[in-house]
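Colleague: Spelled out from the first residue to the last, the chains are:
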Amino acid sequence: MRLLRAFGLPVASTAIALAVAGAWLALLGCDPLRAGQALVAGAFGDSLALETTAVRAGPLLLVGLGVALSFRCGIWNIGGEGQLNTGALAATALVTRGLGGEAGHVALWLALAIGTLAGAGWAALAALLRVYRGVSEVLSTILLNFIAALGIAWAVHGPLQEASGAYPQSDSFPEAARLALLPGLTRAHAGLLLAAALPFALWLLLFKSAAGLRLRAVGFAPDAARYAGVSPERESVRVLLLSGALAGLAGALEVTGVTGRLFENLATGYGFTAIAVALLGRLHPLGVIPAALVFAALAAGSGAMQRAAAVPSVAVHVIEALVIFFSVGFALPRRDS
Amino acid sequence: MIDAPTLLLLASTVRFATPLALAAMGELVAERAGVLNIGIEGMMLGGALAAYEVGAATGSLTLACLAAMTAACALALVFAAFALWQKADPIVTGTALNILALGTTGSLFRLLHPAGESLARAPQMGAIAGVNGFVIAASLLVAGVAGFLARTRAGLALRAVGERAEAADAQGISVARVRLAATAFGGACAGLAGAALVLWLSDGFVEAMTSGRGFIALSLVLFGGYRPLRIVAGALLFGAASALQFRLQAAGSALPYTLLLMTPYVLTLLVLALFAGRTRAPADLARPFRARD
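Protein chains in written order, with our numbering: chain V, 5 to 341; chain Y, -19 to 273.
Careful, some of the hints might be misleading.
Unchecked claim - Coverage of chain V stretches by chain Y, computed from C-beta distances (three or more under 8 Å per stretch; other residues unrestricted):
1. 145 to 156
2. 310 to 318
Unchecked claim - One side only, chain V facing chain Y, incomplete, derived with CB under 8 Å:
3. Leu133
4. Val135
5. Ile279
As the list claims (entries may be wrong) - Here are the simulated distance ranges between beta carbons:
6. Leu(-12)(Y) / Ala45(V): 49 to 57 Å
7. Tyr231(V) / Ala271(Y): 25 to 33 Å
8. Ala37(Y) / Arg101(V): 48 to 56 Å
9. Ala37(Y) / Phe204(V): 49 to 57 Å
Hints listed in this document are in silico derivations from the structure and should not be mistaken for laboratory results. Everything numeric in this text was worked out from a predicted model, so none of it was measured. All C-beta atoms, glycine included, are put in the ideal place defined by N, C-alpha and C.
With the rest of the complex left out, here is chain V (with noise of 0.2 Å):
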């Protein structure tokens, strides 16, 4: 029962979902059959369709997780996507300006840690808003996605931009500071596995540790929480701190990993997606590595679905609200109100 509850609900709430925005295409005119062939072709299709999709999952299941986690505790972090641009910004100001050429390794892992940090700062300040002004954190977290993606547009255009001049984006980096593709593989970086590991590790932390404990206290019985000596205020200040520290590590290996520079609109999205992710995965921390593949697996095949059957990608985000709408109901704890 368990199980079925863990799978067979999800599972169904996909279908709906990918049955809804069947409809919903055959309704513009568009051939939804024709549609989804090309999708699932393009997501899975060869080799370098698998490897596209791995390289998508990869951020989202990083912001996925620090979603599911700061939901699971009651904490409604919006703010992944300007979390991971500003992981992306820090990691791309160290490269490119922080350290010269002459770095070697020590560049990549500085990036990644420091990029791990801009995203935890960027959470931060929606922690100090929330505790000490009593900000809630859904405005703060959403305008401060608004604030990050200005901030890249900013740095691309000014003080980061490429030495050439030519475009809005930042220098390449240099290859001691790109991570290594995985052994005979064209675009699947090395970063993919350390956020394949991290759902473990968190579970780890959130079933088997004191802390898990407390952090899931906060979310399902604050009152009682509060009497067993947890602070609620603490522990969001910790959740948010850490849901930004995985989104700021998701940039950091975006830019190491995947594009080798910084510029606009790296990760619009993302945040939306990745709010999908945590809830089809029932905010746990191994659900979300399925949702991950699965709405990596959309967008590596939206490409292919708008060359094919002219689907805009942009209809993606449609299958992603029909999800969050179907999965609303079950995955999230009922809390007493």
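With chain V fixed as given, assemble chain Y onto it according to the hints.
Modeller: Just chain Y now, kept in the frame of chain V:
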């Protein structure tokens, strides 16, 4: 005497403030009834697309505004179905509504207007006695909402539902019906705000063109302490900030435009940091209500 540039700046302030005030009035009514709908951004987008399509096709401002209000109202009812009827979490539902509107409007617009096709312009709202139609609508709306909340029995009932749903229920007020109506009203206002973006602030539709205005309107309700006139003051403050930053951009300021574009978001955060902790939200805001049998 006010000189011409100052006058222009004032006009531009009102222009940027009006959609914010429209959307915030709708959210105010919803929140006073205990409904926290953070999907304003999405409802505005739905309204903007409907206003563009109907306006460009028919040339009628009235039809465009009606279509915008209807479309946004329909989105508000999606929110109501999940958050009120199913009692799903309002934050997650509102977020899903924003994503849904982003995907639906974006894909619809691209399918209706394939790349390369020249786009018709939406009709533009004119002035009546020197005042733009949207400003008149917003003024009437603010006066109406303020009067309704403070002076009418129905307004009192609505506030009771937001403050103490159980007590209101005991008085024989239908909590579910009041909340549904307030949500729909909030949707219609957000739709009109979206229409203003298309029929006054620009003359076309662009994907995600609301660029955070829905969230700023949401913040204004808090900043204004749930009082209509203070919310209008907040909207004018934001209008002034937007007008000023565009003025600086046009004047070739030394500051990069990307930093100037941050102004409204940074200002919202600052304002929230200063005022959010001091306002008291309706006591039953975002609390689901289950009628006893």
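Colleague: Which hint numbers does the structure go against, in order from smallest to largest?
Modeller: Hint check: 4 fails alone, others pass.
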